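**Q** Once you've looked at the hints, dock chain E against the given chain H.
Protein chains in written order, with my numbering: chain H, 1 to 131; chain E, 1 to 277.
Hints are computed from structural coordinates only; laboratory data are not their basis. Since we're looking at a predicted model, the values are computed, not measured. For glycine and all other residues, C-beta sits at the position ideal for the given N, C-alpha and C. You can trust all of the hints, since none of them are fake.
Here are the computed distance ranges between Cβ atoms for each label pair:
(1) E:Arg66 <-> H:Leu83: 27 to 37 Å
(2) E:Leu256 <-> H:Arg64: 39 to 49 Å
(3) E:Asp252 <-> H:Lys55: 35 to 45 Å
(4) E:Leu273 <-> H:Gly67: 40 to 50 Å
(5) H:Asp54 <-> E:Pro96: 21 to 31 Å
(6) H:Ala120 <-> E:Leu197: 28 to 38 Å
(7) H:Ala71 <-> E:Asp252: 47 to 57 Å
Spelled out, the chains give:
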Amino acid sequence: MTVSAPIGAGTAASRAARVEGWIARVLRAGTLLSVGLLAIGVALMSLAGWSPLDKTWPALDLGRIPGDLLALRPEGFLWLGLLATLSTPLLRVAASVVGFLGAGERRMAGLGTAVLIIIALAVVVAQRTAA
Amino acid sequence: MTVLLLLAGGGFGAGIFGSLLGLGGGILIVPLLTFGFGLPFREAVGVSLVCVIVTSSAAAGVYLERHLANLRLGMLLEVFTASGALVGGLVAFLLPDRVLAGLFAILLAYTGATMLRRGVTAAREGAGPIEPGEDPAGPADTPGAFRAALAGPGYRPARLGAGIGGSVFAGLVSALLGVGGGIVKVPLMHLVMGVPLKVATATSNLMIGVTAAASAIVYLMRGGIDPLVAGPTAVGVFAGAMVGSRVAQRIDLRVLRLLFVAVLALTAIQMTLRALA
Numbered sequence: 001m002t003v004s005a006p007i008g009a010g011t012a013a014s015r016a017a018r019v020e021g022w023i024a025r026v027l028r029a030g031t032l033l034s035v036g037l038l039a040i041g042v043a044l045m046s047l048a049g050w051s052p053l054d055k056t057w058p059a060l061d062l063g064r065i066p067g068d069l070l071a072l073r074p075e076g077f078l079w080l081g082l083l084a085t086l087s088t089p090l091l092r093v094a095a096s097v098v099g100f101l102g103a104g105e106r107r108m109a110g111l112g113t114a115v116l117i118i119i120a121l122a123v124v125v126a127q128r129t130a131a
Numbered sequence: 001m002t003v004l005l006l007l008a009g010g011g012f013g014a015g016i017f018g019s020l021l022g023l024g025g026g027i028l029i030v031p032l033l034t035f036g037f038g039l040p041f042r043e044a045v046g047v048s049l050v051c052v053i054v055t056s057s058a059a060a061g062v063y064l065e066r067h068l069a070n071l072r073l074g075m076l077l078e079v080f081t082a083s084g085a086l087v088g089g090l091v092a093f094l095l096p097d098r099v100l101a102g103l104f105a106i107l108l109a110y111t112g113a114t115m116l117r118r119g120v121t122a123a124r125e126g127a128g129p130i131e132p133g134e135d136p137a138g139p140a141d142t143p144g145a146f147r148a149a150l151a152g153p154g155y156r157p158a159r160l161g162a163g164i165g166g167s168v169f170a171g172l173v174s175a176l177l178g179v180g181g182g183i184v185k186v187p188l189m190h191l192v193m194g195v196p197l198k199v200a201t202a203t204s205n206l207m208i209g210v211t212a213a214a215s216a217i218v219y220l221m222r223g224g225i226d227p228l229v230a231g232p233t234a235v236g237v238f239a240g241a242m243v244g245s246r247v248a249q250r251i252d253l254r255v256l257r258l259l260f261v262a263v264l265a266l267t268a269i270q271m272t273l274r275a276l277a
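Bound conformation, chain H alone (with noise of 0.2 Å):
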């Protein structure tokens, strides 16, 4: 049985060693369950016999996925697909503040959270600017 030392203990290099391999298993995990909701979408549209261009495609609705994932609609996997996609890397960031808090290293805490900030404003400047 293999037991992991606590993220703080040991050297810098082993403490960077250890974030580094937990952030791997995080973007390991969202890419395959990126990938998986996005093959079972393309599944499920090749199935229904949609044609990606002949189609208007279906707005973002966060409210509709559950939805349409339980009816096995094509869009609901699509869109979460999507929407694990581009949280992989944001979780990958999130997992860094976590590890260099974890660590004792602030300054790279810091520059996570800042990271998370621009997103963040990235989603407020999005939303005014396109209503």
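**A** Chain E alone, transformed into the frame defined by chain H:
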């Protein structure tokens, strides 16, 4: 059904080429979607950004596990690539398609020239060597130690100011043209900051996901990403990148590179014609 397969197949080809040549694939996806499928330039950029994030996330995990990427340097620079991408994502909706096509033609020409000009000696002045016994991974969180914390085995990044300015530009390019921006970031880190090429490539790949996500969010919220096109293309790109990374050792990259440069040149001409039309 045919279009669905063609999109996935085109994405697969772009994924293989991108993976073999160390590019994100965006440089091929935008021309594929605009010329091959008649998509408006901005829609093609939105789809391309999604594909770029998928390949970046997949590759970055591997680079981190192998300890090739410099996570600290990446985290510093991506604050600025993300800022550039946010601005670029907003500006992209103000520019006409023709201007974007013209900018893309310039990017294609630059990429082609860069690929032909392999073997350039790195300008490493100012990139301080690490003394034997020094811990390159960085010390504790103390004032003045931040720069040292960005160092890696055998190198210490130089010219941080230039790196930061170049990163903002890389973010702008990524958001406007739907590419990962590696074509800017890798030479910036390698030639200007003195980071070893392999580390620069891995670190750039790590940063691409966040850079592209910052602008992709703007595209998504302004209705600029078509999920019906993005789905099959992204799945194809992912599969192509996986295959490409496995066959890379068995392929003569010199021939492939020349072929790729020819494709880039033809696409650049077509983009220029589109810009001037």
